[in-house]
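*Asks:* Take a look at the letters that make up each chain.
4 protein chains.
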Amino acid sequence: MIPRYSRPDMVAIWAPETKFRIWFEIEAHACDAQADLGVIPRENAEAVWTADGVAFDVSRIDEIEAVTKHDVIAFLTHLAEIVGADEARFVHQGMTSSDVLDTTFNIQLTRAADILITDLEALLAALKRRALEHKDTVRIGRSHGIHAEPTTMGLTFARFYAEMDRNLQRMKIARQEIATGAISGAVGTFANIDPAVEAHVCDKLGLIPEPISTQVIPRDRHAAFFATLGVIASSVENLATEIRHMQRTEVLEAEEFFSAGQKGSSAMPHKRNPVLTENLTGLARLVRSMALPAMENVALWHERDISHSSVERNIGPDATVTLDFALARLTNVVEKLVVYPEHMMRNMNQYKGLVMSQRVLLALTQKGASREAAYAMVQRNAMKVWEEGRDFQTELAADPEVTAILSQDEIAEKFDLGYHTKHVDTIFARVFGED
Amino acid sequence: MIPRYSRPDMVAIWAPETKFRIWFEIEAHACDAQADLGVIPRENAEAVWTADGVAFDVSRIDEIEAVTKHDVIAFLTHLAEIVGADEARFVHQGMTSSDVLDTTFNIQLTRAADILITDLEALLAALKRRALEHKDTVRIGRSHGIHAEPTTMGLTFARFYAEMDRNLQRMKIARQEIATGAISGAVGTFANIDPAVEAHVCDKLGLIPEPISTQVIPRDRHAAFFATLGVIASSVENLATEIRHMQRTEVLEAEEFFSAGQKGSSAMPHKRNPVLTENLTGLARLVRSMALPAMENVALWHERDISHSSVERNIGPDATVTLDFALARLTNVVEKLVVYPEHMMRNMNQYKGLVMSQRVLLALTQKGASREAAYAMVQRNAMKVWEEGRDFQTELAADPEVTAILSQDEIAEKFDLGYHTKHVDTIFARVFGED
Amino acid sequence: MIPRYSRPDMVAIWAPETKFRIWFEIEAHACDAQADLGVIPRENAEAVWTADGVAFDVSRIDEIEAVTKHDVIAFLTHLAEIVGADEARFVHQGMTSSDVLDTTFNIQLTRAADILITDLEALLAALKRRALEHKDTVRIGRSHGIHAEPTTMGLTFARFYAEMDRNLQRMKIARQEIATGAISGAVGTFANIDPAVEAHVCDKLGLIPEPISTQVIPRDRHAAFFATLGVIASSVENLATEIRHMQRTEVLEAEEFFSAGQKGSSAMPHKRNPVLTENLTGLARLVRSMALPAMENVALWHERDISHSSVERNIGPDATVTLDFALARLTNVVEKLVVYPEHMMRNMNQYKGLVMSQRVLLALTQKGASREAAYAMVQRNAMKVWEEGRDFQTELAADPEVTAILSQDEIAEKFDLGYHTKHVDTIFARVFGED
Amino acid sequence: MIPRYSRPDMVAIWAPETKFRIWFEIEAHACDAQADLGVIPRENAEAVWTADGVAFDVSRIDEIEAVTKHDVIAFLTHLAEIVGADEARFVHQGMTSSDVLDTTFNIQLTRAADILITDLEALLAALKRRALEHKDTVRIGRSHGIHAEPTTMGLTFARFYAEMDRNLQRMKIARQEIATGAISGAVGTFANIDPAVEAHVCDKLGLIPEPISTQVIPRDRHAAFFATLGVIASSVENLATEIRHMQRTEVLEAEEFFSAGQKGSSAMPHKRNPVLTENLTGLARLVRSMALPAMENVALWHERDISHSSVERNIGPDATVTLDFALARLTNVVEKLVVYPEHMMRNMNQYKGLVMSQRVLLALTQKGASREAAYAMVQRNAMKVWEEGRDFQTELAADPEVTAILSQDEIAEKFDLGYHTKHVDTIFARVFGED
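Protein chains in written order, with the UniProt record's numbering: chain A, 1 to 435; chain B, 1 to 435; chain C, 1 to 435; chain D, 1 to 435.
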């Protein structure tokens, strides 16, 4: 996580202030529940809430931690400084540090998921708008980077919409999976704390109690979470790659928006580089790579070890902040993408009519030519277009073996673009729903 | 995928015979739909089914592919050899190779998912049985590899049950995600083939039509699939690691089953090594590593490139065969795991009573000692146990500062094991449901 | 490792026959050394060599292993069947299975490295030949996929030569690192076997004795080895990506060789897809992904566990066979690459003269214009070329602010291609050496 | 990179101030070379050095970049503010931003490598000291976590010494590989700048000129660099894992140093958790994971794209800062590790004499017993030790079949520890050299 690739709302989730606020809420709600159970005096539970609204002094907590080398004890010591040592003496009773730390981490991830869900929804809205705008903008479809058959720019946007919509569903599942809390004590047996405390704290904080925890919440949940971010990041790369290809000098079917004051290159003022989508490609690599250590974190020793912690202190913020930034940047790129329909038409006609070769092939077969014979007829005329720049339709019309099978009208019909776009509405209905 | 780590049912899914059989079904069902639409003659569609039940000659197809360098054309050529060139001439009409290849790959992954789901269910059954068997078998809970507080072996099995149950849910979602098919032509526009063909083929083969495809089915689906396998593999490692720890010479709370004829080591006949779970640890690393190239596969160029193919030809079989083998092996290990309750008790009492220190700490606090004072009292007596091998309860009972707060009865009560297991039923109900 | 992406020499290294032959050599040489030391009778050592030249019966060994569940014991049993139980009774004395297994694995990796070194040398020869052939073939250099300044195709080949030459050096280091053997017994103390045996076996088999082993040869060596393969694979992807870009329909500056009988697509006969380099891109992902589990293998428990074994049984063959295939395929692609110099020139002139903008910018600055003013002059004329298809030189020549600084001759000089290629010889000398 | 896991010297390498200082040096040296060549006036080159010693205003540069969206231009603008717009007008002439950025990045990585080399040397010194200290401290060697044969704690330290020494060599190679610079212009042709400038700048900054660059220095160098960090991190995990195992409650052969004020757990005051080595395990996962995106960075489009940049802005600091911290922490752990020789002896004798079983097996064979018979004799007595807690030597001495072959003295001799340590000096000489 570096400032250059960060947005403030997501960064705030990972700020020490936020963390300590969540710790406070967990401890205070736990005291309430303990008081309900009669385990601790009501007045002590109420006293804790006097710290509500007080901004915790991060540097003071750091100072205490430097001595105790234990972050939760440092916080509790500071909390006692605020509410009074005597009043605070039942705080954290029966709990273990991980009860606080793990529940907090899951709250942070849940909030991060909420932002990512919003990000995805914004991206979907942009993709849908551009899809509808360019539903009928014809461009050549390419496989292997080679011209294949016509498609439309709207279908391109629509397929990324469908992909990102799947990612939205995945993100929602990941959010649901990670929204658990645990207040179950040192090894998860509730020996020193009643399950009712966990239930109360989780209820107050919008979590589901973890059905069975050890000292920690099981890390398969987190592995699934970060793997989901990795899949979404890979889709970001997918869309970024499409745009980078479209912006190539020789293709130039679209360009990232280029603001007036922006300088493309210190040396070549005419250059408009797809630097945003190139940047997104790199960010995708980063987010994706974090899925692996998250998976390695699953196998903790016995009831827990703390090897996952240093990983999560890094990838928790890094993966969510980076993906949030990437989604927002991508949404902006999509919204402002400059599309050049005329270049699309120019490119499609680079090898005149050649992209219609399959239609001709089919037509020949349907009129009775053997597959092999039809293939040969199409191939020999196609090669003349490819190598000599001729016009495919003209060549076919002059090939007696072809015209023995297809009339001139039949040949001409094969070069109608509408043929290729006739099911666009059907596909749009499948992607966006009927309206 | 190597024979040593393979099971036949999963291997069969990836056999050439299976693949060609699926190709045949796709082509034959597509012909039926084309005939329904009046695009091709009914008799040609029916003729294709004469190959139903015929075993395709894999070596013949390979022979043709060696010339054409195109696998689908090779198959179609061979199919025409069986049903007759003329009869077969409408086969594959309007389709592109990827229509067949991608739909087939998804069918194979769906079938693989079915096996993995069955594997997980078997593992869950084994874990549940062992959990119930050892619900009350007390052992020490460990955090950081260090004794913490008592728990039970049943809870250990139960937490792996809960984790594997989440994996089962993930696998079901992954199966659902991957069970799509596409018959949409060269760039996914249905230009040369009616969407009704796709609908028919998918219906017959138990798939959902891909809402929008290009030449290929989008690879975010596959990335999510293989990431799920990676998460499950990491859970396999988690359980394997627990068993490896339990089997350590100094711990020996459980052992992998050791058959009569088996030799542990050529040099040390007494050794019983946890080789199965060590093996599973390695297999987990393998399966997990395959999530990364699957994610890199998402960003294909434009409507598709074929870079994903060589990856999938490997990880498709490798990841599913390896995980199937690993889950089956793990189930076997769990079912036959030799558990040593007496060693569990021996280990727990290694530092006499020390694991009860938190209870004492809490008791002191609850009777009015300050947190810091209580901590000091517990710590100084604990150190005597730790360093001099004394008995914790005895030491406490002889510490006047402690006995000024707690009576001898109150001290004794803190060493009652039942205290730690009182919520086991509650947790079991949460994991396995009430009964 | 699948047959489609395999070559026989590398596959042979990993065949059971090869493995058993190496096992035999290790055991036989070890017996010689033991006889030299007087530990075992000379005649028993000599008797072992009677199995020299005998083809071991893999299925018989498998049969025995099915009972003993131990591969080395199975082999030794079979060996005893050949040389006689009595004669063979000192074979393997003082050794542990891993002495044989690890030394063998390192021999296999060393041999694999030798093939990979040969592969890289062949690739280098092809790259050098093509570099010299196209030393002066001008094409546009591109950054961000956007035209920048002219370069030559020879420089493109030369930079991949330099990169692959670095990979050759890395591979040689990796080979040197992995060429160690260990015959040090159950925990590496040589308690039951003299270090002289290790020295003799290693000397005979071209290895260096591992300075300190445990039961196993330390796995950081293997991690470094597979990481090196991952780096080389990434360079394969780099070159493959260049070719895929060059073959794009709109660019078409080069094409993979297209054999006469080959069919590009079942549907679009004119298409020539860069399927070989796309395939290489996927293979690179595969090889790269194997570096991770190799790194995870480093941390074995105490003197060893066997978790690395299942990983290495897979990635040992998979990574080396795949990379060997990839390098050979890439060499073939480079050797036969069809280069289109005329398309290179066509592409460079797509935006007439625009690629010379930096030269003009510099000239203006050098003649006294401020950086900002020069930038503005260049930018406004460049935009006319970009947006209206005008000729950059003509526009500049008509811009009074420009001509106030640069004469027409000075402007014309900026469009001389020789300016850009003047240091090609220098760079070639740096890459290929002076001659 | 987070402060908790950072050390100041490494962090300083990545500070904006350091970066801008290096940028300045590159530009100023380049001006000198340009003046030497007569390309720019000498006084302009000299004027640039007036900024030597001036602290660049990072916030001012950020401010300019916010407008220009180009970091190098922002810096050059600020530099011109310091040395005067007119004086500065030849700065950066003929160069491209990447000339500055890539050369700077390599300088930073080279400096980072220097720190890591120093770190490794400090770790090696600590390991050597502890190895010599515990050369003869006998402990049980374990394979698969199971007792095997005696070894010494000194050998444990020595094997990590040998591994880390290999890592030191790898790090030195990685440093050498990354210490290159490039001042070759927009596409690496030196069109606008003489190679002599590159030579001068590299010479002044301790770099080797990159033999052939494009716009950028080729990224296979960086992939190899970060892969090396990943291998070293994996070795850190290896040593950390050993210590974590030694500190397990049941084993307790060593402990991380536990300072007086430190609190182990808020709930269980007696616990001393191996939190430093657990932490290192997690940090290793992090560093290792960064090798993958570094490898993905190799395949840039044509002469370059900028996808690598966002990756490197993160992993450049993150991987080096984290590994520096990890190595320093590990050195500290090794230096202060509390070793318990008496616990080692206790553990070794847990199953009385059983670890000597291989010696007995060998002795029986050497005295003429068949391998199978000897195995059976050892096995049946070993099982009595294992299952009934008997003493192995006593059992053997009472087994008539054994005593028919071995005398009581011969049996006794097999239980001599010196037998296992007799080659320790030899191994130490191999690892540390003779002295």
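Calculated from the structure, these hints are not laboratory results. We treat Cβ as the ideally placed atom computed from N, Cα and C, and that holds for glycine. It is possible that some hints are incorrect.
[As the list claims (entries may be wrong)] Pairwise CB distance ranges, derived in the manner of DEER restraints: (1) A12(D) with G206(C): 45 to 53 Å; (2) G433(B) with D36(A): 50 to 58 Å; (3) N349(D) with K422(B): 37 to 45 Å; (4) A373(C) with D57(D): 20 to 28 Å; (5) A398(A) with R346(C): 44 to 52 Å.
[Stated by the list, open to error] Taking lysine to any residue pairs in the SDA-like style, the calculated list, with each CA pair at most 20 Å apart, reads: (6) K69(D) with Y375(C); (7) K172(B) with F432(A); (8) K69(A) with F257(D); (9) K128(D) with Y375(C); (10) K352(C) with R329(C); (11) K367(B) with A404(B); (12) K128(A) with Q379(A); (13) K69(B) with Y375(C); (14) K135(D) with P211(C); (15) K367(B) with E87(A).
*Asks:* Each hint should be assessed against the structure and marked as holding or not.
*Replies:* Results of checking the hints against the structure:
{"no.": "1", "hint": "A12(D) with G206(C): 45 to 53 Å", "result": "holds (47 Å)"}
{"no.": "2", "hint": "G433(B) with D36(A): 50 to 58 Å", "result": "violated (27 Å)"}
{"no.": "3", "hint": "N349(D) with K422(B): 37 to 45 Å", "result": "holds (39 Å)"}
{"no.": "4", "hint": "A373(C) with D57(D): 20 to 28 Å", "result": "holds (26 Å)"}
{"no.": "5", "hint": "A398(A) with R346(C): 44 to 52 Å", "result": "violated (27 Å)"}
{"no.": "6", "hint": "K69(D) with Y375(C)", "result": "holds (16 Å)"}
{"no.": "7", "hint": "K172(B) with F432(A)", "result": "violated (25 Å)"}
{"no.": "8", "hint": "K69(A) with F257(D)", "result": "holds (13 Å)"}
{"no.": "9", "hint": "K128(D) with Y375(C)", "result": "violated (62 Å)"}
{"no.": "10", "hint": "K352(C) with R329(C)", "result": "violated (38 Å)"}
{"no.": "11", "hint": "K367(B) with A404(B)", "result": "holds (10 Å)"}
{"no.": "12", "hint": "K128(A) with Q379(A)", "result": "violated (39 Å)"}
{"no.": "13", "hint": "K69(B) with Y375(C)", "result": "violated (53 Å)"}
{"no.": "14", "hint": "K135(D) with P211(C)", "result": "holds (16 Å)"}
{"no.": "15", "hint": "K367(B) with E87(A)", "result": "holds (15 Å)"}
When held up to the earlier numbered hints, the structure conflicts with 2, 5, 7, 9, 10, 12 and 13 and fits the remainder.
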